[in-house]
Amino acid sequence: MSVRLEAPAIAADATARDRRANAIAFAVMVGLIVLAPFVAYPFFIMQALCFALFACAFNLLIGYVNLLSLGHAMFLGLASYVCAHAAKVWGLEPVSAIALGVAASAALGVVTGALAIRSIGIYFAMITVAFSQMVYFFCVEAPFTHGEDGIQAVPQGRALGLFDLSNPWILYVFVAIVFLFGFLAVQRTVNSPFGEILKAIRENEPRVISLGYRSMQYKLAAFSLSAAIAGLAGATKAIVAQNASLTDVSFAMSGEVVLMTLVGGMGTFYGPVIGAFIVVSMQNYLAQYGEWVTVIQGVVFVACVLVFRRGIVGELAARARISL
Amino acid sequence: MNVFGHVISWPQLYGQLLIGLINGSFYALLSLGLAVIFGMLTIVNFAHGAFYMMGAFGAYFLLKLAGLDYWWALILSPFAIGAIGAIVERLFLKRLVGLDPLYSLLLTFGLALIFQGLFQNFFGASGLPYAIPKQLSGAYNLGFMFLPVYRGWVIVASMVVSFGTWLVIEKTKLGAYLRAATENPTMVRAFGINVPRMVTLTYGFGVALAAFAGVLAAPINQVRPGMGADIIAVVFAVVVIGGMGSIMGSILTGFVLGVVEGLTKVFYPEASNTVVFVIMAIVLLIRPAGLFGRAS
Numbered sequence: 001m002s003v004r005l006e007a008p009a010i011a012a013d014a015t016a017r018d019r020r021a022n023a024i025a026f027a028v029m030v031g032l033i034v035l036a037p038f039v040a041y042p043f044f045i046m047q048a049l050c051f052a053l054f055a056c057a058f059n060l061l062i063g064y065v066n067l068l069s070l071g072h073a074m075f076l077g078l079a080s081y082v083c084a085h086a087a088k089v090w091g092l093e094p095v096s097a098i099a100l101g102v103a104a105s106a107a108l109g110v111v112t113g114a115l116a117i118r119s120i121g122i123y124f125a126m127i128t129v130a131f132s133q134m135v136y137f138f139c140v141e142a143p144f145t146h147g148e149d150g151i152q153a154v155p156q157g158r159a160l161g162l163f164d165l166s167n168p169w170i171l172y173v174f175v176a177i178v179f180l181f182g183f184l185a186v187q188r189t190v191n192s193p194f195g196e197i198l199k200a201i202r203e204n205e206p207r208v209i210s211l212g213y214r215s216m217q218y219k220l221a222a223f224s225l226s227a228a229i230a231g232l233a234g235a236t237k238a239i240v241a242q243n244a245s246l247t248d249v250s251f252a253m254s255g256e257v258v259l260m261t262l263v264g265g266m267g268t269f270y271g272p273v274i275g276a277f278i279v280v281s282m283q284n285y286l287a288q289y290g291e292w293v294t295v296i297q298g299v300v301f302v303a304c305v306l307v308f309r310r311g312i313v314g315e316l317a318a319r320a321r322i323s324l
Numbered sequence: 001m002n003v004f005g006h007v008i009s010w011p012q013l014y015g016q017l018l019i020g021l022i023n024g025s026f027y028a029l030l031s032l033g034l035a036v037i038f039g040m041l042t043i044v045n046f047a048h049g050a051f052y053m054m055g056a057f058g059a060y061f062l063l064k065l066a067g068l069d070y071w072w073a074l075i076l077s078p079f080a081i082g083a084i085g086a087i088v089e090r091l092f093l094k095r096l097v098g099l100d101p102l103y104s105l106l107l108t109f110g111l112a113l114i115f116q117g118l119f120q121n122f123f124g125a126s127g128l129p130y131a132i133p134k135q136l137s138g139a140y141n142l143g144f145m146f147l148p149v150y151r152g153w154v155i156v157a158s159m160v161v162s163f164g165t166w167l168v169i170e171k172t173k174l175g176a177y178l179r180a181a182t183e184n185p186t187m188v189r190a191f192g193i194n195v196p197r198m199v200t201l202t203y204g205f206g207v208a209l210a211a212f213a214g215v216l217a218a219p220i221n222q223v224r225p226g227m228g229a230d231i232i233a234v235v236f237a238v239v240v241i242g243g244m245g246s247i248m249g250s251i252l253t254g255f256v257l258g259v260v261e262g263l264t265k266v267f268y269p270e271a272s273n274t275v276v277f278v279i280m281a282i283v284l285l286i287r288p289a290g291l292f293g294r295a296s
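Quick note, the sequences are listed as chains A and B, same order.
Start counting the first sequence at 1; every next residue gets the next number (the numbering used here).
Start counting the second sequence at 1; every next residue gets the next number (the numbering used here).
Please keep in mind that the hints were generated in silico from the structure rather than gathered at the bench.
Remember, predicted model here, so these are calculated numbers, not experimental data.
Note that the Cβ used here is the ideal one computed from N, Cα and C, for glycine as well.
Treat the hints with care, since some could be wrong.
Residues from chain B shown here face chain A by an in silico Cβ test under 7 Å; the list is partial [what the hints assert, rightly or not]:
| hint | residue |
| --- | --- |
| 1 | Leu102 |
| 2 | Gly117 |
| 3 | Gln120 |
| 4 | Ala233 |
Ranges between beta-carbon positions, derived for each pair [what the hints assert, rightly or not]:
| hint | chain 1 | residue 1 | chain 2 | residue 2 | range |
| --- | --- | --- | --- | --- | --- |
| 5 | A | Asn204 | B | Ile282 | 30 to 40 Å |
| 6 | B | Phe123 | A | Phe308 | 24 to 34 Å |
| 7 | B | Leu91 | A | Ala287 | 23 to 33 Å |
| 8 | A | Arg17 | B | Ala176 | 52 to 62 Å |
I would like the entire structure built from these sequences, with the hints used as guidance.
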């Protein structure tokens, strides 16, 4: 009897602890984002934030629905191209250009998702690989992407006609807001009733179906949302870096986002962010070693899968018995 | 002949058909290896493209370092790469048994990065030439076209190996053990068969098939570190189209899609890189389990 009474009390205590831990973690993250440009090269931080958002989008699928997409670069890359094209050729201001990029990725997410989510597990992974390769070839061939050259010298413009993004400080604030918006969107989604059903699908899909939920629609919605947020990351990156290139849509990029999430911790809110910063820094500081970066990434991959499956944040959270 | 506004000559059509069959040979061998591995270990071997590339490099090394020609390479390279595969299975994949198969996929993905990165480091991105063996140089005059002997050989060799593999798995006692161990490993072990060793050897064999394809490809496509990464996405699409469980399905789909791709190069060249993926999307719409797959 006493066990029965105790159990909910512990659970309630744990939720309160989780909430406190999350509030602290969020405050720390915001603090770091504010301080970072005074310590590190702001352009680097902005790029890392874009990748962090990309990883959060990817994590929404692998962490909470257990869908491993190995083609997520298609959403990052397509949005990046569309945004760059809209800003440069159509002369749109950056917020509308980014919105167009997001819309393009979301649409791509709906179409590819509708076909891919009919399969699960490794089939799903293979199908996403194939679709992203198709988008890659499309971007190689399509005239507006300028093939190998990519879209260069994308104007940063004035956001909403008011904020001049060519000023690095304003741009930094803009990127930080976009990142926090995307991050909170993912967190809110996961913690919503919709997110609870996603997690239920992850645990036991037939049971969810038997309870009367159309699991396919939930999965498609999650996939499209993830695509849209990945698109937000890609489009913002196009404005930051002032270019869109085949790198962002390549298979290697799809692999990198998996690595970021794996290193940081799948199924945690802060893991993908930390993982993204680690992987991007690694690339930055090891750039002089050429292809060794790929080898090191591979080694980290193998090591994580073999002995560190929870990732950094996952491991910390498990030690402290909280969920982050 | 005039199709869709393109003027097409017969020799061009035959030429692309031949290239399609050649590519189809590689698709068939690679997707067959994936299917064999999947059947036994229920994992997707993401390092398959890397092993294909290493097979080609194996042939190159054997020639450069040991002076062993193509025919030796055709046997030794798949054997060596297959042995590396078996070691990979013993050292790494074995530890992931019982976990979500996505982890083994990620592991092989990491391995592919390591292998490809290493080779790119030492050999750059450009291709190394590998000569066609002199017994297979020259061309036959078929009357309507010239068939380079080597290309004919690639098609015949891959067909023989593919159908041989199918025969072994479907019609022999060894194959029966394999299939039984796929269905119920515990029961097969109870009969006194060493299932873990069978798993290791199966993985090694699937990898050796990829390496064999790599040796066949060496004289045609040159030996490049990126050659595996370029082909693996198409091979995945082939596997999805054919259906994962079926050995014969993966062989047939490989050849057919190679030919379809070749024909697309003639009739609508802009789509030749994407046609396989478009077909995959259509197949997924109509038969989500693939053409030869059983619905799970």
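Comparing the hints with the structure gives:
1. Leu102: 5 Å, holds
2. Gly117: The hint holds - Gly117/B has a Cβ within 7 Å of chain A, the shortest such distance being about 3 Å.
3. Gln120: 4 Å, holds
4. Ala233: Holds. Min distance 4 Å.
5. Asn204/A with Ile282/B: 30 to 40 Å: Once the Cβ atoms are compared, 32 Å apart, the range 30 to 40 Å for Ile282/B and Asn204/A holds.
6. Phe123/B with Phe308/A: 24 to 34 Å: Holds, since Phe123/B and Phe308/A (Cβ atoms, about 31 Å apart) stay within the stated range.
7. Leu91/B with Ala287/A: 23 to 33 Å: 30 Å, holds
8. Arg17/A with Ala176/B: 52 to 62 Å: 56 Å, holds
Checked against the numbered hints above, the structure violates none of them.
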